[in-house]
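Engineer: Spelled out from the first residue to the last, the chains are:
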Amino acid sequence: MTGVQTNKTASSEPCERMGGDEQERTHAGRPASSEPCEGQHGDEPTSPQSGRTASPNPPTRRAQRVPADRTRLKLAILLVCAAAILTVAVLAPLIRPCDPYAQDLGNALLPPSSEHLAGTDRYGRDLFSRIIMGAQPSVFSTLALVALIAATGIFVGVLCGWRGSKLDTVLMRTSDVFLAFPGLVFALAIAGVLGGGMLNAVIALAAISWPKYARIARGLTLAQKSEPYMDAARLAGCTTAQLIFVHILPNVAGPLLVTAMLDIGTMMMELSGLSFLGLGAKPPVAEWGSMMAENRNLLQTSPWTVIAPGIAIFVTVMVFNLLGDTLRDWMDPAHRKNAVWREGRVTERENTVPTGESGNPRSEDGTPSLANGVWKHPNQ
Amino acid sequence: MERTPILETCDLRKVFRAKGKDDIVAVDGASFQIHVGQSVALVGGSGCGKSTTARMLVRLTDATSGRILLHGRDITHTRRRELRTLYDHVQMVFQNPTSSFDPRRTLGHGIAEGLLNRGVSKAEARIATTDLLEQCGLDPSFADHYPGEVSGGQCQRAAIARALAVGPELLICDEATSALDVTVQNLVVRMLGDIQRNRRLALLFICHDLALVQGFCERVMVMQAGRIVEEGPTAGVLAHPQHEYTQRLVLTARA
Amino acid sequence: MATFIAKRLLQLIPILLGITLLSFALMYLAGGDAVTALLENQGVAVTQEIIDAKRHELGLDQPFVVQYVRWLGGLLSGNMGTSYVSGKDVFATFSSKLPATFLLTFASVLVTILISVPLGILSAVRQNRFVDYAIRVLSFVGNSLPNFFVALLLILVFAVTLRWLPVVSSPIGSSGSTSISLVGIVLPTATLGIAMVSKYTRQIRATVLDELNKPYVAGARARGVSERVILFRHVLKSVMIMLVTLLALSIGDLLGGTAIVESIFMWDGVGKLAVDSITMRDYPMIQAYVVWMAIAYVIVNLVADILYHWLDPRVRLGGDEA
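Top line first, the protein sequences correspond to chains A, B and C.
254 is the number that the numbering used here gives to position 254 of the first sequence; each next residue is one higher, with no gaps.
465 is the number that the numbering used here gives to position 85 of the second sequence; each next residue is one higher, with no gaps.
684 is the number that the numbering used here gives to position 49 of the third sequence; each next residue is one higher, with no gaps.
Hints are supplied without guarantee of correctness; some may be wrong.
[Said to hold, decoys possible] The calculated label-pair distances, taken between Cβ atoms and stated as ranges, are: (1) 73(A) <-> 946(C): 34 to 44 Å; (2) 72(A) <-> 867(C): 33 to 43 Å; (3) 775(C) <-> 144(A): 22 to 32 Å.
[Said to hold, decoys possible] Some chain A residues judged to face chain C by a derived CB distance under 8 Å, without partners named: (4) 110; (5) 185; (6) 272; (7) 277.
Calculated from the structure, these hints are not laboratory results.
Owing to the predicted nature of the structure, the values given are computational and were not obtained by experimental measurement.
The beta carbon of each residue, even a glycine, is placed where N, CA and C say it ideally should be.
Based on the sequences and whatever the hints tell you, model everything.
Structural biologist: Quick look at the structure:
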């Protein structure tokens, strides 16, 4: 079979939709999973021809050609942006222009200028430096949080999906309870128990966010568990550990990775929200959410003190959101190598036609043979 | 021929329990033997229990009652961990070739997996893979392709290569050709015939098409609604079908 | 149907138990109970005897299990106790804050549906044209802005700079007052609405595109069915199903009172109450809040499931897992 396979059938679903349990729905389960997919219609450029037809009606099916390169290009650009943000976070102490903690009351509340790119706050501290330093708690905590949630959720989910039975029911019911529990309140309560600080905020948010991943992982595991290739792997003598780690995990990793990427933005906003309420970083630590909180009543007089950290959050979240979207588009089966049909080379053993001396096909057992494009039946 | 069959079943039963509905008896007392080098066909319509029987033979499904004997040893209830020996002797080829391979792994990995799990070195496994692919009529470069990149027929041949890798005595083909188109079907069937003769491989060929097994399998068992209703040498059964269901199958095959 | 509803409501019980036990445990572990916070707040010079006396009065010196069981007993007889902080009846206080939250919820949901459905459909139907890109960019931006940032920006623009709207919506300090000005609801609703509209628009767009690509739509077009009919009769149904999913999640959150928005705008709803109660360690009030959340969660999901069944009869009721 040769040819380029037209990708993207109408409802191919790489997205979280397959994370939901199709047959079973619990309280929070839905026919489509809790994060219904943005879908492969995210940013797909389509073939130019059909788009320009002058039809008054909305265009009908467009040609399905999707140049994979553009998505890869976007992915590359966004990875670079994300890497840049991470670099800023890692190198923050080295690259910040001024000391973020140095107070200079004489220069308090200066608007942005060439000297202070984001102005100064009420203590005269350079806001730009504080924002750069703020990247550390904001970004690292978020990444740690998402990693923690994903790890926990995937562990529980795969376990439940694999084992099934009572363990499954118990864990899923537990996750139901966590889902019902109001998120912020739980976080506040944990903060109350453990005290404030970023670490505790991370723990609090992790404790209520893992069910989502557990559900998705469980659904995906259940789907893969009954696939024929799992049977084949069992016949090849794979142990349970091998079945899970070599076969199941790589096949469920994709959608989970995309979910995690998309969650980075959400979690960053939630973490900074907690800081805003006073439960995350404590002053004088620079963290974008708490910076906005401490400067809140300066909104009218010195708005930049609030807007600058806000923009920092916004830009970071946006980059990671875009990255997650593009990653999802990229993992659409249409773009994966597997979907491209290539020509296989086959050695067929029965391609030779026996020929007689005269060059005409000779049939030994009375079957018709092909010569010059004509099938000749032998005389009986 | 050895006296002890490779595989023997005694009154194998499988009952599926559904909540709120009646129990489904998928297999209702199947008893048969497969000897060394013997090619046996298991034929019947859809849903008659053929696949379920096959899955029980390799313990992918657990029997509700009855016994399965491997070289005389009862393996009906051995634990999963100890089933490695079973898989040394018995292997299976599945109906849907493409989905019987891990979509994220190359065909070569799938073929070599059984060997690698048994401690064979990567280099040796690679050589063995190349050998097997050639025996199955595929160019060795197929080892680096993914299941989604090759056609159904090619994939099924790779699946056969995979099944042969560990050197089993019995190969179970569960509707292995049903998902292929007709020309490829014949190709694969002929290839299986060659392999079977060359290696003295016992074969349990499951399908719903009597015409396919003619001239290919020595014996045939006809299954209906979970029971084996007729069995015997293929030529004889086809020439003189006794059971009414067999007669219908033969008529359809002739048509 | 009736059995289904009954079964679901019955499940409220284990969830309630689980959730209240959990929150009770958390509060207990938090230590430093209401008494200390209360007395500190009042600026009373505390001696150990005063603390102990107050504790004994409130029953806080009992072991954890005893306290929990007592509370549970009270709940069953309809009494949720009195607030440690204000001394008033918990149930009365709590339910007096609910209308504010309901109002905000209703307003946000209304605004969201009215804006996101047309935008989502428009964006899908004009796929990849300018309108689509504009809507997608806007909703993307809306998704990436944290809600407190949006709130502050809105305050900055509309209340401070343009002076069109008041910053604070209801009189501060009048607990239990329901004199919420209609003008004051605009900014909080806008804040919540922006986030929700962004999210919903994207999902609706995806749903519509999915539907429009389905074979039956091509078939309908081939039969000459007009685009409008296709949209409104067939596609809209799947949009509504998607809406139910999204709303179930959102309403659950909204009914919990969005603490951040309520506290920024001083909106006297249960979210703000929850934050204050936790800070003050007002156990009975916190428990009331948790009970409310459990009820809201179960009922919202129940209604959502019923709506699914009504919208798509293929969806069987009783979709609880085996």
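Engineer: Now tell me, hint by hint, if it's right for this structure.
Structural biologist: Results for each hint:
Range check, residue 73(A) to residue 946(C): Cβ separation about 41 Å, and the 34 to 44 Å hint holds. For the pair residue 72(A) and residue 867(C), the supplied restraint of 33 to 43 Å holds, since their beta-carbon distance comes to about 39 Å. Look at residue 775(C) against residue 144(A): about 26 Å separates their beta carbons, and that is inside 22 to 32 Å. Taking 8 Å as the C-beta contact cut-off toward chain C, the hint placing residue 110(A) at the interface is violated, the least distance being around 19 Å.
Among the interface hints, the one on residue 185(A) holds; its C-beta lies about 5 Å from the nearest C-beta in chain C, closer than the 8 Å criterion. For residue 272(A), the interface hint holds, since its Cβ comes within 8 Å of a Cβ in chain C; the closest pair sits about 6 Å apart. Residue-level restraint check for residue 277(A) holds (minimum Cβ-Cβ distance to chain C is 7 Å; threshold 8 Å).
The structure shown violates just one earlier hint, number 4.
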